[in-house]
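A.B. asks: Read off the chains here:
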Amino acid sequence: MILSGDGAVAYAAKACGVTLGSGYPGTPSTEILETLASIGGAAQWSPNEKVALEVATGVSLGNGRALVTMKHVGLNVAADPLFTLTYMGVNGGLVIVSADDPGMVSSQNEQDNRNYAKFAQMPMLEPSSSQEAYDLTIRAFEISERFKVPVLFRMTTRVCHSMGPVKLWKDPEAFVPAPYQADPVTKVMIPAYARKAHVRLIRVMKELAEFNESSDLHTVHRPGSEFGVLTSGVSVQHVLEAAPEASVMQLKMTWPLPLEAIRKFASGVKRFAVVEEGSRFLEENLRAAGIAVEGKEDVFECGELSVGRVRQLLDHDVTPPPAGAPGRPPALCPGCPHRKTFELLSELKLTVLGDIGCYTLGVLPPFSAMDASECMGASIGMGLGLRRSLGDSPEARRVVSVIGDSTFLHSGLTGVVDMVYNKPPTGHVVLLLDNGTTAMTGLQEHAATGYHLDRTPAIPIKLEDVCRALGADHVDVVDPVGDQEGYRALLQERLASNDATVIIVRRPCLMQMKKMAKMANSTEVKQ
Amino acid sequence: MSREITNVLFVGIGGQGIIRASDMLTEAAFRLGFDVKKSELHGMSQRGGSVSSDVRFGKQVLSPMVPLGMTDFLVAVSEDQIEVARPYLNDSTVIVRPSDLTPDDAKSRMANIAMLGVLNRHLQFPADLWETLIRENFRGPIGEANVQAFRRGAGI
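Residue numbers (our numbering), protein chains in the order written: chain A, 1 to 527; chain B, 1 to 156.
Simulated from the structure, these hints should not be mistaken for lab results. The structure presented is a predicted model; accordingly, all values stated were derived computationally and were not measured. One or more hints might be untrue.
To be verified - Lysine-lysine pairs mimicking BS3-like chemistry, simulated, CA-CA at most 27 Å apart:
id, chain 1, residue 1, chain 2, residue 2
1, A, LYS118, A, LYS264
2, B, LYS107, A, LYS515
3, A, LYS515, A, LYS462
4, A, LYS518, B, LYS107
5, A, LYS206, A, LYS148
6, B, LYS59, A, LYS167
7, A, LYS514, B, LYS107
8, A, LYS514, A, LYS462
9, A, LYS170, B, LYS59
Full structure from sequences and hints, please.
C.D. replies: Pasting the structure below:
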């Protein structure tokens with residue numbers, strides 16, 4: 001059947017009898033758990049990637065198989081458990097999908113998460129197509145359970161969101177976790193135990209390197225040429241097309257590297273080049289191992305590769321490719337409730353610290369109403385810090401933080417704690433734009449929507465109750481469309497005070513309402 | 001190698017059914033026994049921004065993205081996106097554009113499907129395969145309306 005890379009991972013995880021898939025929505029990873037749920041697998045949205053990985057750790061402790069999915073920046077959030085999980089090792093297989101976004105189609109940076117495999121010390125697999133996404137997910141669970149380590153499954157936008165034929169060859173496994181047995185010496189990371197765990201981890205990584213050397217996880221396409229290229233991920237496909245004269249060594253397991261196999265390939269060709277998207281991960285590690293290799297110009301550290309750019313990379317040609325007319329930028333939908341907020345912020349000429357979501361588009365005309373946006377949840381901390389810099393000047397009173405409902409549950413709660421605990425002299429105002437969904441990534445549920453990932457009902461967390469419980473001086477709820485005057489007056493009043501305020505700006509996302517109406521209709525048809 | 005591959009590029013703006021139309025071409029090519037890959041860029045695009053989707057089919061498809069200047073067919077559901085795609089076109093690229101449709105189809109939400117009909121004048125895939133796919137994608141009366149739109153586009 002035809003599947004996206006994301007879909008292929010979900011089908012493979014289902015075939016492995018995965019006990020639970022957990023994650024937080026993020027382009028281009030979101031469809032993995034949505035597909036898993038749609039084909040009958042257990043999948044959940046956690047409030048953020050850190051919790052998702054911790055849940056997966058628990059699943060694995062209980063001998064279950066765990067799949068965790070997130071976009072590249074999500075792994076930063078999950079990095080704290082990650083770096084100790086590798087010491088603890090796993091019981092049931094645990095596979096972490098990091099969906100990287102070279103070229104930043106919809107991300108705030110293009111960090112190369114291959115570096116996490118080396119940094120946290122874990123094996124990494126990289127598929128180059130939908131079929132490989134399926135095959136390698138199955139291999140990832142095998143490797144995880146054989147070596148008792150978590151596996152980093154690194155995908156990129158062009159693997160996640162490309163579609164191609166996939167042969168679903170694995171008979172679905174009826175996997176039942178073995179009975180739980182406590183093992184505190186390997187699982188409780190007090191220093192005395194962690195020191196032993198680190199020694200074990202280094203030994204296991206050596207074993208994994210030996211495993212990779214002799215495995216089928218590296219192959220040479222079109223052997224025999226005097227020109228050899230080493231590559232991985234979607235770049236494999238670009239290189240095979242861009243350099244038909246080359247022998248191409250593909251790495252499917254890119255950490256730990258099969259250095260001796262690479263050395264042998266390199267010594268068998270006259271010209272040896274590396275083609276890699278993003279950082280110089282392969283190039284630098286080959287050089288460190290004493291393998292002479294032809295690298296790339298700086299310009300190829302940015303953006304994604306393509307057939308044309310691979311040709312340029314290999315030719316060391318840095319002329320910019322021809323550009324078409326600029327595309328149409330994304331914009332807030334007509335009638336989007338966020339529009340009212342940004343019209344108001346723009347009119348009042350406020351200093352706006354933004355966050356990650358549709359509302360980041362408030363930076364663009366016609367609103368041009370955003371001063372900074374960094375990462376999930378950062379709006380609140382940045383707002384507090386900016387107010388501290390501005391002292392008790394009138395400028396300080398113009399500072400507002402704007403954050404969405406899903407982002408608030410992800411990383412905004414601790415920001416409100418800091419606002420209450422370390423209140424700036426002029427107080428602060430947080431606008432919590434509650435549109436009842438995770439809109440930007442395609443309308444996913446979250447802990448306050450009242451539904452789980454699979455649309456079964458959940459007990460919704462009440463955002464106003466949470467903010468009140470945290471001790472904000474004022475927690476107000478306004479309708480930005482139905483009561484525009486009330487919204488303006490309230491915002492001005494709170495800005496003039498020295499209080500810590502959360503204004504919940506509540507109006508459902510139009511796209512979400514359309515989706516709900518469609519679902520209600522299709523239910524009627526079924527009945 | 002790429003001569004054995006047909007490269008189709010779909011462009012438009014969020015909400016015009018670019019992804020759906022390219023999915024349907026991918027599935028059609030797959031059912032006809034071709035190797036096929038599709039690559040799309042979405043994410044922020046559902047907010048009314050530019051959307052593009054590359055479909056490549058043939059004996060063996062490697063890169064999922066149509067290389068610069070290699071487009072055989074450009075399906076431009078939005079006329080203003082043709083210039084955005086210009087570097088991917090060449091002198092013999094066939095452009096399917098809204099003006100190839102009846103004025104009603106060009107304005108309708110079925111423009112994407114009608115344009116698949118126009119595209120099929122060149123691809124010559126079996127019409128009944130398309131109609132099966134359309135009915136799989138759109139149930140009931142909407143499916144039938146889309147079949148009619150496809151037929152008007154295909155001139156059948």
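A.B. asks: Decide, hint by hint, whether the structure agrees.
C.D. replies: For each hint, the structure was consulted:
1. LYS118(A) - LYS264(A): holds (23 Å)
2. LYS107(B) - LYS515(A): It holds: about 23 Å lies between the C-alpha atoms, which stays within 27 Å.
3. LYS515(A) - LYS462(A): Within the cut-off at roughly 22 Å; holds.
4. LYS518(A) - LYS107(B): Distance ~23 Å between LYS518(A) and LYS107(B) Cα, so the pair holds.
5. LYS206(A) - LYS148(A): holds (14 Å)
6. LYS59(B) - LYS167(A): Holds, at roughly 17 Å.
7. LYS514(A) - LYS107(B): Within the cut-off at roughly 21 Å; holds.
8. LYS514(A) - LYS462(A): holds (23 Å)
9. LYS170(A) - LYS59(B): With Cα atoms ~25 Å apart, LYS170(A) and LYS59(B) stay inside 27 Å; holds.
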